[in-house]
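*Asks:* These are the residues of each chain, in order.
Number of protein chains: 2
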Amino acid sequence: MNDAEIDEKFMRLALQEARMAAEENEVPIGAVIVVNGKIVGRGHNLTERLNDVTAHAEMQAITAAADTLGGKYLPQCTLYVTVEPCPMCAGALGWAQIGRIVYGASDPKRGYTTLLSPQSAKTPLHPKTSVTAGVLADEAAELLRTFFASRRR
Amino acid sequence: MNDAEIDEKFMRLALQEARMAAEENEVPIGAVIVVNGKIVGRGHNLTERLNDVTAHAEMQAITAAADTLGGKYLPQCTLYVTVEPCPMCAGALGWAQIGRIVYGASDPKRGYTTLLSPQSAKTPLHPKTSVTAGVLADEAAELLRTFFASRRR
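Residue numbers (this note's numbering), protein chains in the order written: chain H, 339 to 491; chain A, 339 to 491.
Think of the hints as simulated: they come from the structure by calculation, not from any bench. Any given hint could be a false lead.
[As the list claims (entries may be wrong)] Simulated coverage check for chain A against chain H, where a stretch passes if three residues somewhere in it have a Cβ under 8 Å from a Cβ of chain H:
hint	region
1	358-364
2	405-413
3	419-431
[Unchecked claim] Facing chain A, a subset of chain H residues (Cβ under 10 Å, in silico):
hint	residue
4	Asn389
5	Val391
6	Gly409
7	Lys410
8	Gln414
9	Met426
10	Cys427
11	Leu431
12	Gly432
13	Tyr450
14	Leu454
15	Pro462
16	Pro465
Even for Gly, the Cβ is constructed at its ideal location relative to N, Cα and C.
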């Protein structure tokens, strides 16, 4: 597999997590954290079940990966998440010093990039974190559209 | 008590939480969440003990308050925290729609206000959240200084 195929493979697993969220009536966003081709953390949005605004997919995946690896910094890890992280999750990924973030759909309302200013280098992420956007974005966006459409009925 | 005295009273309780963190060798930051003069959530930094970068004082207090109140939105609540929230915690407070934030010391390196741009109204907080800074700031800053000085020895 080439790099793009590897990214799609792990994003499909994040999309599986997102579908699990949808089945539990949670906003369908999923995440996995990978190091050396192995998943060390995963999660999906559980804000309703846990009655906790902080229970985003990325937060669960970060906590799980730190548990698995025995250290709270994740510079060797890649996070795959179906939707662009919000400022809270971007801040958490910054503290974790995650090596790389791959996300699917952009979130023009709530995504962390809405906070970035062209006049400033300030970002909630760690300066060494690389970011790849748009991997299987249509599938991630479609999950959200279907979910919110079904709730408006 | 007037409003300023009430703020100082609750900030002293947040400072108590911060001291508990210091005693456990955690960065000394503490928080309490108050509604109608009653504490509904409290927390102090536990990133080392929990091996979890997301275990900031504010995050614990938000989760605790949602538990106590049985709802995950906190528009009627005031968060008192000894130090300016980071972008992660500001994002979480945004999702929680916290009514008011009162913080002590500013954090010119890691505080969420470093992300704000004079050119843009974008903030991780909810638009209705009011913010009061600088309450017992010297005590909060002194706790941090003492903690980091002791670690450099």
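*Asks:* Checked against the structure, which of the hints given earlier come out wrong?
*Replies:* Numbers 1, 8, 16 - these are the hints that the structure violates, sorted from lowest upward.
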